[in-house]
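Input sequences plus hints: build the corresponding full structure.
Protein sequences appear in the order of chains C and V.
Take -1 as the starting number for the first sequence in our numbering and just add one per residue.
Take 677 as the starting number for the second sequence in our numbering and just add one per residue.
Treat the hints with caution; some may be incorrect.
Just so you have them, the derived chain C footprint on chain V, three or more residues with Cβ under 8 angstroms [as the list claims (entries may be wrong)]: (1) 1005 to 1018; (2) 1036 to 1048.
Examples of chain V residues lying across from chain C (beta carbon under 8 angstroms, computed) [said to hold, decoys possible]: (3) 938; (4) 942; (5) 1095.
Derived from the structure by calculation, the hints contain no laboratory data.
For each residue, glycine too, the CB sits at the ideal point set by N, CA and C.
Single-letter residue listing:
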Amino acid sequence: MSVRLFCASLALAIAFPVFPVFSQTLGQPPDTMAARVEACTPCHGNKGEGTSDVYFPRLAGKPSGYLYNQLLAFRSGRRKYPPMNYLLEFLPDQYLQDMANYFASQHPPLPTPAASEASVDILKRGEALVTHGDVSAQIPACASCHGPALLGMEPGIPGLLGLRPNYVSAQLGGWRYGTRTAKAPDCMQQVAARLTEADVTAVAAYLATRPAPENAVPVAKGSYILPFACGSEPE
Amino acid sequence: MTSLFTALLRIAALLAGLAVASAAHAQTAATNDIVKRGEYLARAGDCIACHTAPDGRTFSGGRAMPTPFGTLYSSNITPDPETGIGKWSADDFYRTMHSGRFPDGGLIYPAMPFASYTKVTRADSDAIFAYLKSIPPVRQKNREHDLRFPYDNRQLILGWRTLFFSEGEYKNDPAKSAEWNRGAYLVEGLGHCGMCHSPINALGGTSQSDAFKGGLIPMQNWYAPSLTSNREAGLGNWSIKDITDLLQTGVSARGVVYGPMAEVVHNSLQYLTDEDARAMAVYLKGIAEGSSSSSAPVSTLPTTESSLLISLGKTVYDKNCASCHGAQGEGKPPHWPPLANNQSIEMESAVNPIRMVLNGGYPPGTKGNPRPYGMPPFAGVLSDNEVAAVVSYIRTAWGNRGTPVSARDANQLRSAPLD
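What follows is the structure in structure tokens.
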């Protein structure tokens, strides 16, 4: 759906005067989060489902705590991506929380996985890392934190489905090289540091082949015990 | 008798004690008032913008400030005795603000807006100093500036000072109202608006005659419009309410703040009292009125190219912009700003409208507008030609008096820094 169609559908929504100070002005934008996050939609899609650009991630249905942490990190510059840093620089905490809640509550269907160009061996290696990890390299399974169904856990662990391989490998690369960091103990940094470049490719390729389950929502907080402490998911 | 005397003595002592206690209490209350006033004034001066690094401790400095001459690092102004201003006296602080010299006489680079702060009264300077002494000290050594030769020689500042610095507190203009004078004091002094809204010459200075005439902010590639020309951000035709709305909330019926001005509203202006915001509005409206309008701008593009661009621009506009900004550019103010009769779109420099189309943006979240509506970035959606076309269209449609821009102009700003 184009930005124009989206805006047009918004224009049909009922408009309420937003702030008393401006209430004398006729014709206001819809008093909805959908209208307020329009700045996000060219890159992330109208409901956070993602767009054709493979480096822009799906936001819809990720746990709101995870999304909020990312918004804070972009605002402070801890997570670096200038267009995001710029957009969020002067927005208050509560508003970022509202944005996070909005995208967390959106559930557009997950895309049908595209046929993978990766070889069978690579996909096998990816599957092994995602579901079992690699004991000899001290790599825990992705599923041990991101959940058996890879849908994430409230409040801070994101699901891994519906993301394209380019995005996943770029992010794992960021963790490996220390350009993406999180609250200590920075569990993703510890894990990614043990991955080889081939591992990253394999994990990203395998994840992208996973079909979408019927009800793709993160599991409740504390549904399973994490294998190690993680700053983003307080006990 | 003795016991009566002792009792009397005790009562006297008690009363004296009470008197001392209440005097001390009054003094604490007075100090608290000064500290509070100082905090307010520090906000009006937007000290935090430069003296706090991103993710750094408040007022501990270390923020990198790129300039055409190299990178400067702001200083620690917390009361830490070794690395901050803990050993300074109120005299030292006033001299620094007023004369642009450190307590030891050393020259300060004019990135510190002492050419504006020199207008601040001694009483206000003392209040800001009292406030800074009351905040938690942070032990953080100042980082050395990283300036290219020959700018690393501080003696050069003497030359700059001779050309561009005139020392002296703000003097009331008796011909004007108290409100106008208060506004002038805030705009020219603590607000240091001239640091951006005056053209910067090759020597990194602003001459008096060019004050508030607008200019491209070095290194940021945003254009700070003139505050005197009604063809730019001159506020002569704005209502006082629209000006105060813009300053205090970041949005207004006439337009919305963006770019570096969003930071100023976020850090500083939203905290102004209604009286001070109004005083600034009265003064700003005043300096715009009476300024002669310059001749109509002339386009440098060939007519055929312009008309092709503008006709493509209408298509791009109707598809991507009209749903929010309206088919006639009327918008839904204050949240979706009007583009028709919007000076920010029409002014001679097209840098800002091009950047807004490319990068989008949110107005700052403020007390009066905590959940602002945002403009989507179109850098990934529109080609250089489409950006130039739509900007050319909005600059010339609906009676707007701007000029068309070229695809090259649009392309050059794709790489403009976003931080």
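Non-conforming hints, listed in increasing numerical order: none
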